[in-house]
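Undergrad: The chain contents come next:
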Amino acid sequence: MLYRENGQFKSSYRADQQIFPILQDRIFIIGVLAFAFLAVPMLASDYLFRAILIPFLIFSLAAVGVNILVGYCGQISLGSGAFMAVGAYGAYNFFVRIPGMPLVPALILGGLCATAFGVLFGLPSLRVRGLYLAVATLAAQFFADWMFLRIKWFTLDTPSGSVAVSNLQVLGLPLESAVSKYLFCLAVLVVIALLAKNLVRGAIGREWMAIRDMDVAAAVIGIRPMYAKLSAFAVSSFIIGVAGALWAFIYLGAWEPSAFSVDYSFRLLFMVIIGGLGSIMGGFFGAAFIVVLPIALNQFLPVVAGLFGIGISTVGISHAELMIFGALIVWFLIVEPHGLAKLWSTAKQKLQLWPFPH
Amino acid sequence: MAFFLETTLGGLMVGMLYALVALGFVLIFKASGVFNFAQGAMVLFAALAMARFAEWIPQWTGIENRWFANIAAFVLAGLVMFVTAWVIERLVLRHLVNQEGATLLLATLGIAYFIDGLGQTLFGSNIYKIDIGLPKEPIFAFDSLFQGGILINKEDLIAAAIAAALVTLLSLFFQKTSTGRALRAVADDHQAAQSIGIPLARIWVIVWCVAGVVALVAGMIWGSKLGVQFSLATVALRALPVVILGGLTSVPGAILGGLIIGVGEKLSEVYLGPYVGGGIEIWFAYVLALVFLLFRPQGLFGEKIIDRV
Amino acid sequence: MAARKIGDVVLAVQNISLSFGGVKALTDISFDVREHEVRAIIGPNGAGKSSMLNCINGVYQPQQGAITFRGQTFKHMNSRQVAEMGIARTFQNLALFKGMSVLDNIMTGRNLKMKASLLQQAFRNPFGFGTAEREEIAQREVVERIIDFLEIQPYRKTPVGKMPYGLQKRVDLGRALAMEPTLLLLDEPMAGMNVEEKQDMSRFILDVNDEFGTTIVLIEHDMGVVMDISDRVVVLDYGKKIGDGSPDAVRNNEDVIRAYLGVQH
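Protein chains in written order, with this note's numbering: chain P, 508 to 865; chain U, 92 to 400; chain H, 100 to 364.
Worth flagging that the hints you see were computed from the coordinates, not collected in a lab.
To give an idea of the chain H side of the interface with chain P (calculated C-beta under 8 Å), a few residues: (1) Glu-183; (2) Phe-196; (3) Met-199; (4) Gly-208; (5) Asn-210; (6) Leu-217; (7) Ala-221; (8) Glu-235; (9) Met-278.
Okay, the calculated beta carbon distance ranges per label pair: (10) Thr-853(P) to Gln-282(U): 31 to 37 Å; (11) Ile-534(P) to Trp-177(U): 51 to 57 Å; (12) Leu-317(U) to Ala-541(P): 52 to 58 Å; (13) Ser-262(U) to Val-603(P): 54 to 60 Å; (14) Pro-528(P) to Phe-173(H): 42 to 48 Å; (15) Leu-530(P) to Asp-131(H): 54 to 60 Å.
Which chain H residues face chain P? A few, computed with CB under 8 Å, are given here: (16) Asn-156; (17) Val-158; (18) Ser-178; (19) Phe-190; (20) Gly-198; (21) Met-206; (22) Thr-207; (23) Leu-211; (24) Met-213; (25) Ala-215; (26) Phe-222; (27) Arg-223; (28) Ala-231; (29) Glu-240; (30) Arg-274.
Glycine included, C-beta positions come from ideal geometry on N, C-alpha and C.
Based on the provided sequences and hints, a complete structural model is requested.
TA: Next up, the structure:
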């Protein structure tokens, strides 16, 4: 009774094609945004920002990027860590080498570096798909690993290879406190998510999905597979690159080449699968899940183990984390291959009928 | 020239080990169309099991003979791998039969994480030794042709021999036994095999068991060489390009691919490395695989991939 | 049937031969198609009918022969070129995009006409800056007319994978129509339909031919439909052409009768 489409008639195609056509959805999203921008800064502790909220925002952004490539366009990619690295180092080099370069343009330029890298390593997608493409993208990952380790130019020839940024500011406002960092990341996320949503519901989004679903038929309709696939790589790596730059600049502050290992690639893929392929919202769910899970396990496992009288060490917790992580991935893939986003939309459908069962 | 030969031989040895891991991939893919990302984790798991059992057996049975401990440990570890294979088939594969490749791939990735954590929980996470009596001293061969001789690791030589024996055994198994025949039938066409009464689920368990044993042998050899530690799991990532090179469905391809990559890595590192700052080994295999993907995606011996509308 | 002015030859297939490995799918096929006509291709299963359409479409490349469309001759057709030239098709096995709704599936057919760049699409807004929103709405209007025509309005937001087979076939047709083709290749559009559905589909095909003057090449197994709606018929058997002419002429052709003996209708 609360959540009904009834009575909400659309009298123009424009109205029908909005991002949130149902009024209750619009109210909900505005509420969430208001809460995120206004209430959270006042309520959350420093720890909450640093440990959960900021990683959640940055990984959500990266997950949106990965989802465009993997979920909408159907190209498996295990090179996301590399795109993050290229974005981070690209932004770093522009920021540090050009005096007076402001932060936001540096981030965008970093994203563009990632785009170039992504398009280059996306070329194999024109020849192969599926598992073979996954291996090709792993080549990107390892190549990037090596590039930032051995080519000293990228790391400003520091002996240890680690670099740092400091004194970040946007439009004169310093980004020192956890709150300011949080708000900056939130703003970047909201803007890019909006642009991404526009892309996926428009012509290019349909091209991507057509390629995913049946690329031979797509060619017959006049869609150019090359343009569609490479544009997916381009847009996706741009977003992931910006996320990588944010991760390096805002969250880490200082980092070495090993910061963006293949582990990130796997985690991003998990986020997208668990969250839901082919859904912008899915990226958020997945990122929340993966960010919160280790922390939750850290808090709860000792308690649960204590109930059974088993002592559990920190090392034991990290092993258990791996096992639970792996088991959950498998469980999700078996039970709901469309991820949390599907569970969410099923819940909404049930809510539309509430209080009737069907 | 001597140095070149040494490097090449060293590369061949490493290549043999890559080939062993790649073999596991190929077996499972051939029979079930599943690409097993967990193969590396299985290698580590098997190696851990064997290392720890070899330690614990003297404590459990009171028999101090090292040969007995090693053999018993091998058998026990093999049993553990069989159980693992059965559990994986029952709990995971059976439910994912009709899903697309990406889903299966990620499921095996999940299994990899799980086995990782399980292995460390059950067997501990320190570095363990596997001591199967492989001699560590090098020999210097051909010193009549080259001054000082060429350095060959006896350990590597024996490892290569073991690997070759395993491959021969597997070939015999596939060609001569009826189970082997059934496995080849399933690899060729699941549905046809099912329609003549071959029990798919049982075949998959058998295949994963065989892959498990291959993982065990690979783990044993690698472990004896490097010590059993976490980096063993990343060996799987190194073996992926081998499979691409050789062809996803070809056992001889896995061997040849492994050798090529082993030699290629070593040679490129030694001869090209100094020009670009070193560390080429990190990406050489992958970039080679990339080149193959662009020009010959089915690898050296794989089947051509045809699209039907 | 309304009297249509059947024009000159618009598509000519010349000596097309196609083989896969050792299997010869098509051997030396030649026929032509006149503008505004309904041309049927019939033949027993495995005769090579779909392969013929695939050659016209650029999905398969024939080893020999050429295809002439509107005066231009091609040895190899490129799928996108073909689409741009105004040739659209439906598929025997429904190559619909299962993950998308009916509306989105048909909208993909409009892709060739959509000009907004990537950046313009990203910055799409209802306030009038940029062309993306206006273009989406304009294309939506075209697609809605097609949805109207095919009588599938209630299903426009349904994911295609969830729809009954007969309706999916209509969506396939709708997607092809969205390309505003001058030549429409239909690969067994009535397969798997009951009598009512077939009547609906025949009506749609004839309407398209009538209202828009679209030339239609149609593969079909139902002889009743073929005899009723087509102007001329080509008969294939084992990759060779064994008949070509009006429906009546073909029906009485000895070779055709022999080819179909044993096939139940």
